[in-house]
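Please take these sequences and the hints and turn them into a complete structure.
Listed below, chain by chain, are the residues.
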Amino acid sequence: MAMLQTVRLRKKFGQLVAVSGIDLSIEEGELRGLIGPNGSGKTTLFNLIAGFLRPDSGRVIWQGQDITKLSPHARVERGLARTFQITTIFKEMTALQNVVIACHLHTGTRPWEHFLRGPKAREREKAVEERALGLLETMGMAHVKDQLAGSLPHGYQEALALAMAMATKPKLLLLDEPVTGMNPVETSEMMQRIKRLNEKGVTMLVVDHDMRAIMGTCSQITVMNFGEKIVEGSPEAVSKDKAVMEAYLGVR
Amino acid sequence: MTRQMWLKSLPLVVLIIFLCIFPFVVREYFLDVMTFLLINLILVASYRLITTVGLWSFAHISLMSVGAYTAGLLVIRLGFSFWGALPLGVLAAAVTGLITGFLVLRTRGYYFFLATFAAGEAIRWVYILFRNPFGSYSGIGHIPRPAPVLGISFANPTTYYYLVLGFTLLSLAIIYRLENSRIGATIAAIHSSEPLSEAIGINSLLYRNVVFVTAAAFAGLAGVLFSFYTGTACPGDYTFFYGINILIFVIVGGPGRFAGPIIGAVVLTVVGEALRGYLELVPLIYGMILIVVVLLEPQGLVALPKRISSQVEKWTGRRIMR
Numbered sequence: 032m033a034m035l036q037t038v039r040l041r042k043k044f045g046q047l048v049a050v051s052g053i054d055l056s057i058e059e060g061e062l063r064g065l066i067g068p069n070g071s072g073k074t075t076l077f078n079l080i081a082g083f084l085r086p087d088s089g090r091v092i093w094q095g096q097d098i099t100k101l102s103p104h105a106r107v108e109r110g111l112a113r114t115f116q117i118t119t120i121f122k123e124m125t126a127l128q129n130v131v132i133a134c135h136l137h138t139g140t141r142p143w144e145h146f147l148r149g150p151k152a153r154e155r156e157k158a159v160e161e162r163a164l165g166l167l168e169t170m171g172m173a174h175v176k177d178q179l180a181g182s183l184p185h186g187y188q189e190a191l192a193l194a195m196a197m198a199t200k201p202k203l204l205l206l207d208e209p210v211t212g213m214n215p216v217e218t219s220e221m222m223q224r225i226k227r228l229n230e231k232g233v234t235m236l237v238v239d240h241d242m243r244a245i246m247g248t249c250s251q252i253t254v255m256n257f258g259e260k261i262v263e264g265s266p267e268a269v270s271k272d273k274a275v276m277e278a279y280l281g282v283r
Numbered sequence: 023m024t025r026q027m028w029l030k031s032l033p034l035v036v037l038i039i040f041l042c043i044f045p046f047v048v049r050e051y052f053l054d055v056m057t058f059l060l061i062n063l064i065l066v067a068s069y070r071l072i073t074t075v076g077l078w079s080f081a082h083i084s085l086m087s088v089g090a091y092t093a094g095l096l097v098i099r100l101g102f103s104f105w106g107a108l109p110l111g112v113l114a115a116a117v118t119g120l121i122t123g124f125l126v127l128r129t130r131g132y133y134f135f136l137a138t139f140a141a142g143e144a145i146r147w148v149y150i151l152f153r154n155p156f157g158s159y160s161g162i163g164h165i166p167r168p169a170p171v172l173g174i175s176f177a178n179p180t181t182y183y184y185l186v187l188g189f190t191l192l193s194l195a196i197i198y199r200l201e202n203s204r205i206g207a208t209i210a211a212i213h214s215s216e217p218l219s220e221a222i223g224i225n226s227l228l229y230r231n232v233v234f235v236t237a238a239a240f241a242g243l244a245g246v247l248f249s250f251y252t253g254t255a256c257p258g259d260y261t262f263f264y265g266i267n268i269l270i271f272v273i274v275g276g277p278g279r280f281a282g283p284i285i286g287a288v289v290l291t292v293v294g295e296a297l298r299g300y301l302e303l304v305p306l307i308y309g310m311i312l313i314v315v316v317l318l319e320p321q322g323l324v325a326l327p328k329r330i331s332s333q334v335e336k337w338t339g340r341r342i343m344r
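Note that the protein sequences, when read in sequence, are chains A and B.
Using the numbering used here, the first residue of the first sequence is number 32, and each one after it goes up by one.
Using the numbering used here, the first residue of the second sequence is number 23, and each one after it goes up by one.
I should point out that these hints are in silico values taken from the structure, not numbers from a laboratory.
There could be a bad hint or two in this list.
To be verified - Where chain B lies over chain A, by a calculated footprint (3+ residues, C-beta under 8 angstroms):
hint : segment
1    : 108-115
2    : 121-127
3    : 190-200
4    : 259-273
Unchecked claim - Some chain B residues well away from chain A (every beta-carbon gap over 12 angstroms; in silico):
hint : residue
5    : V36
6    : V48
7    : P166
8    : T180
9    : S214
10   : I224
11   : Y264
12   : G294
What the hints assert, rightly or not - The following residues of chain B were derived to be distant from chain A, with all beta-carbon distances above 10 angstroms:
hint : residue
13   : V55
14   : Y132
15   : F263
All C-beta atoms in this analysis are idealised placements derived from N, C-alpha and C, irrespective of residue type, glycine included.
This is the structure in structure tokens:
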């Protein structure tokens with residue numbers, strides 16, 4: 032049974048069919064890439080899977096259960112998490128505070144315990160802070176933990192966003208253009224991090240424009256155009272596919 | 023506590039001591055003003071709580087009235103004591119907040135503002151349309167003061183003042199504590215970016231409900247204290263204009279900090295009192311102050327000290343405040 036499945040997922044915006052009947056299937060442990068030219072519908076598909084958009088028809092199946100009607104936070108509770116392209120972090124908080132908030136899901140403390148701040152809550156708060164610090168360390172960001180997230184350089188902000196997503200203990204992580212705006216060094220670092228996390232057991236679906244980054248890291252790639260899946264396969268197969276070349280380069 | 027903490031809390035301690043001896047240093051008229059101000063502080067702090075999650079409600083005063091009417095009727099019609107009616111009044115306001123929230127909390131921004139305005143007016147019209155038991159436009163009257171405790175009568179304005187002071191300090195402490203807890207941090211996160219909060223597993227709708235219902239409970243408390251002070255509850259006490267005043271207190275004081283709305287309430291109440299002889303001018307002056315503040319210091323009066331000290335620093339090149 033696939034970990035994540037979409038069944039004939041369809042979404043229209045007015046007259047424009049952004050996603051038309053997509054069947055996607057992701058196995059546990061995969062590092063899948065999702066690429067396509069601008070307007071191909073990959074971002075819409077992404078948002079449908081993450082729960083930020085409701086489909087017009089079709090279903091999203093997570094570990095055998097239909098989660099089509101679930102809100103985003105409920106999907107995160109079940110292990111399906113995502114990162115963002117633009118508002119990736121809480122700019123007014125420090126890096127550490129950002130990760131601590133993201134650990135919120137797994138603290139095990141009830142809200143009123145937080146309010147009363149008894150010894151149990153305080154203990155758990157400490158454990159959460161330690162866990163958050165650990166996550167920052169794996170991103171190589173422990174030294175900026177008390178800096179305002181909004182003042183961090185772009186590469187660090189993306190790494191912080193990834194740390195926050197990891198804090199939710201995801202089983203499958205949807206990455207929304209994780210290397211946009213990065214120079215080749217930062218891109219390579221980020222893709223390495225993503226590969227390492229995947230090897231540690233987090234299934235991933237990465238959407239991006241950087242063909243080289245995706246081809247170099249992902250084992251399987253799905254290519255979209257005009258709201259449809261046009262090709263699915265290994266990086267070699269995809270890069271040689273005629274339909275893909277037509278889509279990206281307009282070559283016949 | 024460290025010496026630093028002692029120094030920081032000193033102004034607050036002085037203020038509380040001042041509030042405690044207040045009845046003995048001023049004329050009775052000012053005691054009356056201060057009692058209403060304290061009740062407004064509960065309203066203003068609980069209103070601000072709603073703004074911390076990014077929402078501006080217009081149902082706050084109507085929820086206050088639910089507390090007032092419920093407790094008032096329980097005492098007059100069903101013979102409850104003040105101390106039994108008070109928690110029930112608060113609970114009624116909270117439940118009304120819960121129902122209202124269920125209807126309006128999926129909306130945002132301007133839609134939320136209008137939806138809460140509609141809900142608030144609907145509540146007021148319930149009082150007007152149902153003469154029994156709400157008394158229509160005349161409302162309910164003869165709400166007695168709480169029964170004497172240890173021989174001390176609450177008919178005495180000083181005693182009632184201490185009652186209100188106690189509830190106000192308690193309310194402010196709870197709201198302050200809430201803001202500085204993990205719950206407060208989660209609320210700030212939702213305010214900063216709702217989609218991002220959802221993406222890290224925060225149930226934003228749930229938190230918005232919790233905030234709204236909590237604020238409603240405190241509004242209800244203020245309503246009980248208000249109606250048992252004046253002895254009446256009528257639709258005319260809980261109008262649009264009272265709501266606007268609370269809104270102005272919060273904006274002028276500055277919703278960004280906890281102390282902001284409190285400062286706004288105090289300053290504008292003083293201004294209102296200074297215009298005692300010219301009641302018609304109060305809305306005009308309040309409006310002008312609001313416009314001036316929004317134009318010159320949008321973050322409110324609470325941001326002034328920092329603004330001024332950084333300006334002075336620029337001129338003199340020396341640091342004034344920490």
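Here is what the structure says about each hint:
no.: 1; hint: 108-115; result: holds (count 5)
no.: 2; hint: 121-127; result: holds (count 4)
no.: 3; hint: 190-200; result: holds (count 4)
no.: 4; hint: 259-273; result: violated (count 0)
no.: 5; hint: V36; result: 26 angstroms, holds
no.: 6; hint: V48; result: 36 angstroms, holds
no.: 7; hint: P166; result: 35 angstroms, holds
no.: 8; hint: T180; result: 33 angstroms, holds
no.: 9; hint: S214; result: 5 angstroms, violated
no.: 10; hint: I224; result: 6 angstroms, violated
no.: 11; hint: Y264; result: 30 angstroms, holds
no.: 12; hint: G294; result: 34 angstroms, holds
no.: 13; hint: V55; result: 33 angstroms, holds
no.: 14; hint: Y132; result: 21 angstroms, holds
no.: 15; hint: F263; result: 34 angstroms, holds
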